[in-house]
Amino acid sequence: MKRLILACAPLLLLVLAQCARAELAIEITSGSDNPTPIAVVPFAWQGQGAASPEDIAAIVDSDLTRSGLFAPVDRNDMLGRPSREQDIYYRDWRAISADYLLIGRVSSTAGQMRIEYELYDVVRQARVEGGTVTGPESEARMLAHRVSDAVYKKVTGIPGAFATRLLYVAVTHVPGAKDYFRLTLSDSDGARPIVLLESREPILAPGWSPDGSQIVYVSFETGRPAIYRQNLSTGAREQLTNFKGLNGAPAWSPDGRTLAMVLSKDGSPDIYLMDLSTKQLTRITRHYAIDTEPTWMPDGRSLLFTSDRGGRPQIYRYDLRTGTVERVTYEGVYNARARVAQDGRNVVLVHQENGQFHIAVLDLVTNRLVILTSTALDESPSIAPNGSMVLYATKYQGRGILAAVSVDGGVKFRLPAREGDVREPAWSPYMSQ
Amino acid sequence: MKYLSVAGKAVIVLFTAALLAACSSSAKKDDADAAAAAAAAKAEQERAAAAAAAQTELRRKMDAAAAYGNVFYFDFDSYNLKPEAIESLNAHIAYLKDTDEPIRLEGHTDERGTREYNMALGERRANAVRDYMVLNGIPSYRIETVSYGEERPIATGSGEANWSQNRRVELK
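The listed protein sequences correspond, in order, to chains A and B. Note that the numbering used here has the first sequence beginning at 1, numbered continuously upward. Note that the numbering used here has the second sequence beginning at 1001, numbered continuously upward.
In case anyone wonders, no lab produced these hints; they're calculated from the structure. Fair warning: there could be bad hints in the mix.
[Said to hold, decoys possible] Subject to a maximum C-alpha distance of 20 Å in a straight line, what follows is the list of computed DMTMM-like cross-link-like pairs (lysine to aspartate or glutamate): (1) A/178 with B/1063; (2) B/1097 with B/1063; (3) A/244 with B/1144.
Could you put together the complete structure from these sequences and hints?
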């Protein structure tokens, strides 16, 4: 038996190494001008065993740092490690200029983890927030993200989007052979990557159902593109389209009933709607130009899409009630692949300027377009469900990586994969807990 | 032999004569058959020669097409066939018209621009090649077009030297 364990050990290490390589790293490149200093004290472990299986405070610290809006203080600078209110000496925290103090306790029984957290305003010397999150120990990281969400909301007034997930496509190049495409699901910080589909043929355009329980994507696994949907909890998978020509850009409607997509079965690429219960198709654009990249307005009453009907790609809006199409973007020669924030006001898109492709945000109320990124090959923007950050794909040092920028352009970070290229990020909606 | 009677000899003579007569008439028939066979052989030879010539001609067309390669290149954000692509396509069409092979056209783009827009652009490129083939006598039912957009680059680097290799339609 002992020999068997020893024989298995290298195998296990190999598996772990594989996981680690698929994981995304995080490099913060720009933070907010005036981040809020916060002390996230290591949470006291009250369960069985020597320590908590995950360092909850470290995950919260990393979430808050990545948001760019917080400047967590170094653990080594902390003059105490309180886990209860009676142990807090506010002068210790004023001394290291922390505006806020987060403490907590972690316990676990029969695989169920319980995290209690308390947030204190150091200046006012008052408890301003507190709560308990519980769930399976295997979801410890997600529970920590929920603590981050609560802290973020209390301090910024905006709901956090840490307890969310990402879909992306990882590509490994094989010299002289076809690439490996891996549709990957991870936590919002890139941790815990899971490969949902691996193929030697392209996989692209991953997207979420509005409740976060299902995904859609395009796979070329049959030698031709087709749209698939997959249930994340059951793994059940269904091929939705198999038309001649393009089968692409699936976009789930906010009410979950309809999938917008681009098909070219009738000649040129046009936008179609598929009723997901009857599979009935309705063609909504009829133009000899390229119409593609549909995306829903949050109210579900209209869609934005990319069209080159004016000569160059620009964003247009299709009104589902009137069937009318109006042009939305006028600035620049190339605006494409829009995604709309939940407020229905900020639209992120790919904007070309001086031959370079950047991520820009268009305010639909003021019609002001602001370029957010300065790299040359930025694409596939995806907006966090709280509207704060935009995740996108770019090229850095010759490799495809994911990067993020805040909607105001101030905060930037990169999420390079440890090997290969990553692309096509899709930020999940809020997940039901 | 010495035991044979005269009658017996006569029978043998008669039989021999009959046999000879039979031989002479079958010789005449053989001549006719030989002529027909020769004609058939000649026709067969001619047919084989024609087939061989056709085969040689097909081979020549195939080699001529192959000399151009099976990739047609495009300008940035364009799906117009360039003169060199048309020259190459003409050679391929000359060969393909003499065959009934199924044809697969794969459209590709460079990495610039969004992936789904590039998917549409790749399809337009494949369609431009298909339309030119159909216009020049290849039945459309033989042609399948698939766009890979920017998903399958030949050259993975950035810059025009790489991009120009990736804006293409491949004939499979």
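Right, here's what the structure says about each hint:
no., hint, verdict
1, A/178 with B/1063, "violated, 27 Å"
2, B/1097 with B/1063, "holds, 14 Å"
3, A/244 with B/1144, "holds, 9 Å"
The structure fails hint 1 only (numbered hints given earlier).
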